[in-house]
Amino acid sequence: MRDLKFHPCGNYRESYREELTVFETDFGRLWMALGLAVLFGVVPWTTSPYMLYVINTIGIMAIAAIGLNILIGSTGLISLGHGAFFGVGAYAAGVLASSWNVPIYLAVPAAGIITALTGMIFGIPSGRLKGLYLAIATLAGQFIIEYVLVHWEDVTQGTMGITLPDPSIIGVSLRGDRPFFFVIFIVLAAMTWMAVNIMRTRFGRAFVAIRDNDRAAEGMGIPVFPYKLLSFGISSFYAGIAGAIWAFYMISITAEPFTMMMSVEFIAMVIIGGLGSISGSILGAVFITMLNETLRWVTDILMNAGGLAGLELTLAPLRELAFGLAIVLFILFEPKGLAEIWRVVRSSFRLWPFSY
Amino acid sequence: MDFFLQLLVNGICIGFLYGISAMGFVMIFKSSSVVNFAHGELLAAGAFLFLALVTWANLPVPAAFLLTLAGTFILGFVIERLFLRPLIGEPLIEVVMLTIGLASILKGAMLLIWGGNLHNYPDFLPEGLGLHFGAVSIPPVYTTSILISILFLLLFGLFFKFSSQGIYMRSVADNQTAALSLGVHVKKVFALSWAIAALVAGMSGIVLGIINGINVHELSAIGLKVFPVVILGGLDSIGGAIIGGLIIGLLETFTGGYISTSLRDVIPYVALVVILLIRPYGLFGLVEIERV
Chain B
0 MRDLKFHPCG NYRESYREEL TVFETDFGRL WMALGLAVLF GVVPWTTSPY MLYVINTIGI
60 MAIAAIGLNI LIGSTGLISL GHGAFFGVGA YAAGVLASSW NVPIYLAVPA AGIITALTGM
120 IFGIPSGRLK GLYLAIATLA GQFIIEYVLV HWEDVTQGTM GITLPDPSII GVSLRGDRPF
180 FFVIFIVLAA MTWMAVNIMR TRFGRAFVAI RDNDRAAEGM GIPVFPYKLL SFGISSFYAG
240 IAGAIWAFYM ISITAEPFTM MMSVEFIAMV IIGGLGSISG SILGAVFITM LNETLRWVTD
300 ILMNAGGLAG LELTLAPLRE LAFGLAIVLF ILFEPKGLAE IWRVVRSSFR LWPFSY
Chain G
0 MDFFLQLLVN GICIGFLYGI SAMGFVMIFK SSSVVNFAHG ELLAAGAFLF LALVTWANLP
60 VPAAFLLTLA GTFILGFVIE RLFLRPLIGE PLIEVVMLTI GLASILKGAM LLIWGGNLHN
120 YPDFLPEGLG LHFGAVSIPP VYTTSILISI LFLLLFGLFF KFSSQGIYMR SVADNQTAAL
180 SLGVHVKKVF ALSWAIAALV AGMSGIVLGI INGINVHELS AIGLKVFPVV ILGGLDSIGG
240 AIIGGLIIGL LETFTGGYIS TSLRDVIPYV ALVVILLIRP YGLFGLVEIE RV
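From first to last, the protein sequence lines stand for chains B and G. If you read the first sequence in numbering that gives the first Met the number 0, its first letter stands for residue 0, the second for the next number, and so on. If you read the second sequence in numbering that gives the first Met the number 0, its first letter stands for residue 0, the second for the next number, and so on.
Among the hints, a few may not be true.
Derived pair list, reagent style EDC-like, types lysine to aspartate or glutamate, alpha-carbon separation capped at 16 Å [claimed, not checked]: (1) B:Lys335 - G:Glu93; (2) B:Lys4 - B:Glu23; (3) B:Lys4 - B:Asp25; (4) G:Lys160 - G:Asp173; (5) G:Lys29 - G:Asp173; (6) B:Lys335 - G:Glu89.
Bear in mind the hints are in silico, worked out from the structure with no lab data behind them.
Generate the whole structure from the sequences, applying the supplied hints.
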């Protein structure tokens, strides 16, 4: 057995291969194995149904947030239509499952691919231009997709929505929070693994090069337009997968939740989690979902408190305000997000008591 | 034929409104190249400030109008000072995200204070301003809005052409480093352009509020409709904003009149995608666009 790797006291890397390792130390590997064991072995069996629902939501949002982070954080393009692409994935899965009885394990990837293709259509006009234009084109995408979801009644059944059949894998019915916990978190683990490894390949490096300086990237022989489109496709693919699982989890879907607000929510996750950090996107999803639930809880309490009954306090504006504040405060004070805070905390533990 | 003419007139009037709504946006982009996603909320802020002054404080309309302009001017100044100034020199993404966050904050705050319902101003426009040509009629609000927008267009044209501040703003828009080295106070220019843009936005918010009633959701949706307008007109051209506004306004009313009313709100975005495909720098924008 080879020697265990611990934190070196300096940078002793000798090859590019060492630079690319996912786990710096063997402790990282151990912690991840432990974390996964606790996640799958303890969490679904001990938490209340409500908490499990919240955790599941976090998992779904994290999948979509990782996708958006590849686009925003790593490639430096902004998408304002991620919520709509999430909706495309949900509807694709819904139509496949309800009209053609496609089983869940085929419907989810198919929905991902359909969403990726839809996303790339909106990426075409803007991929050749600066990142700013993609933001504007995806804004258009958001509105056009919302319109299509409501008005293409033959397929999406308009405002009626779609009800999905009970999903099952090899005869085992997946209904309820606990089976879905496993579906969601296995997919999340797989998608995280995929994202981490995309970033280690030449594709990931090309994305980062495009983000840092697109002209220099072009000069070094990276075909910028195909790579931008690819990055956008990957990001939409993640949104589609997340949307598809969400559709199966929610049973019935309408076009209502896939608004601009949802897109802003995803952007908030990426910003708050940390641009370009995959673990950050998961942290961001945790943060935003918890913020959502806390706000719901607070407004419930305030609504029930007698004195404020006359005050028409609703959830939506408060959420909007809190998200905006969170985005702005993070950009101004901790632009690298929760991932950076986590890193600082970790290294201060590691370096204690001699932090210099 | 009458229907066509009425649609034409309505389209032009709505187009002018889009045009003046887009003016403030273009101003910010021109001087500080910040794409302001909070523009609709600035429109709404002006409209609601005016509403508060007219109905709650019971001020006479001209006084309320002037106070609103002053208020939005200060609002723009404060926004630049608090949120945008720390980000000078940061990557574009962070600035864009910041304006998105800002939009959420302003929208949430306004929803908390005024709710999502439709509010209306009391009637104060004189009836005599309405025009009638045979079957085609132009309501007074439209004539007022066109008059106001032409007035502001002229004012800003003159401001940019002749006043020293306007020339500073143009110089910063043209080349920030060169302007800086020639002694232009770039930060002051940014602050001023945000303040003026917020003022213009507030003014157009009031006009929009007079016509459609004031609703946070609708006004912020118009703030996003600014994008097709400015992309069509050219991101950095104020005249282009007006022309783009007219084209989008006409496109919208004719689609609403002849095809379907539900398509009306989406057609500007379809146009936006098409424009980005064919002519991404717009009709009057600088052709020298950074292609990669």
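Hints, one by one, checked against the model:
1. At roughly 10 Å between alpha-carbon atoms, Lys335 (chain B) and Glu93 (chain G) fall within 16 Å of each other, so this suggested pair holds.
2. The straight-line distance between the Cα atoms of Lys4 (chain B) and Glu23 (chain B) is roughly 8 Å, inside the 16 Å bound, and the hint therefore holds.
3. Note on Lys4 (chain B) and Asp25 (chain B): the hinted pairing holds, with a Cα-Cα distance of about 5 Å set against a maximum of 16 Å.
4. Of the supplied pair hints, the one linking Lys160 (chain G) and Asp173 (chain G) holds, its CA atoms being roughly 14 Å apart against a limit of 16 Å.
5. Annotation: proposed proximity of Lys29 (chain G) to Asp173 (chain G) holds, straight-line Cα distance about 8 Å (limit 16 Å).
6. For a cut-off of 16 Å, the pair hint linking Lys335 (chain B) to Glu89 (chain G) stands: about 12 Å separates their Cα positions.
In this structure, none of the earlier numbered hints is contradicted; all agree with it.
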